[in-house]
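A.B. asks: Sequence:
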Amino acid sequence: MKRIEKERPRGFRLLRKHQREWLRLQGKETVYKVDVELDQILTFHRVSLPHLYAYFVKYFLGGFSTSMLTLLHKIIHLHAKVEQTKEIRKIIIEYNKKDRDTMDVLASAIDKMNDLEVTGPHGRRMVFALGKR
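Just remember that my numbering sits 1148 ahead of the position in the sequence shown, which is counted from 1.
One thing to keep in mind: the hints can contain errors.
Claimed, not checked - In the DSBU-like style, the derived pairs of lysine-lysine whose C-alpha atoms are separated by at most 35 angstroms in a straight line are:
(1) LYS1206 x LYS1280
(2) LYS1206 x LYS1154
(3) LYS1229 x LYS1245
(4) LYS1245 x LYS1222
(5) LYS1238 x LYS1206
(6) LYS1245 x LYS1234
No wet-lab data here; the hints were simulated from the structure.
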């Protein structure tokens, strides 16, 4: 191999240069593609999550004055238990005795959500309930 390389040094030098350039370009394309897809996913979540929260607050909580952080801490992070049959999937949200005002607002929101008769991905009706007070 060394003897052949010595016979054509310029050609092998160009070959190595082109290989390095090809590998560099190939690597950048892959990273760029992943970066763009990841950026699109993150942008979608950054934009859609606040819209979902705002919609939930406006239509289900009746415009209850709250920030996204408060909504997360007081409602979204509540523990829940799921009971499931062939027709119904019942989500029982744990009642927080320390925050009765928010729980009262959440109880009315649960009634509104149940009135929509939401069907889950497996064809089961989603029924929400607030745990024992």
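A.B. asks: Work down the list of hints and note, for each, if the structure agrees.
C.D. replies: To see whether the hints hold, each was checked on the structure:
1. LYS1206 x LYS1280: 26 angstroms, holds
2. LYS1206 x LYS1154: The hint is violated at about 77 angstroms.
3. LYS1229 x LYS1245: The hint holds at about 17 angstroms.
4. LYS1245 x LYS1222: 12 angstroms, holds
5. LYS1238 x LYS1206: 24 angstroms, holds
6. LYS1245 x LYS1234: Holds. LYS1245 to LYS1234 sits at ~32 angstroms (cutoff 35 angstroms).
In summary, the structure is inconsistent with hint 2 from the numbered list given earlier, while agreeing with all the others.
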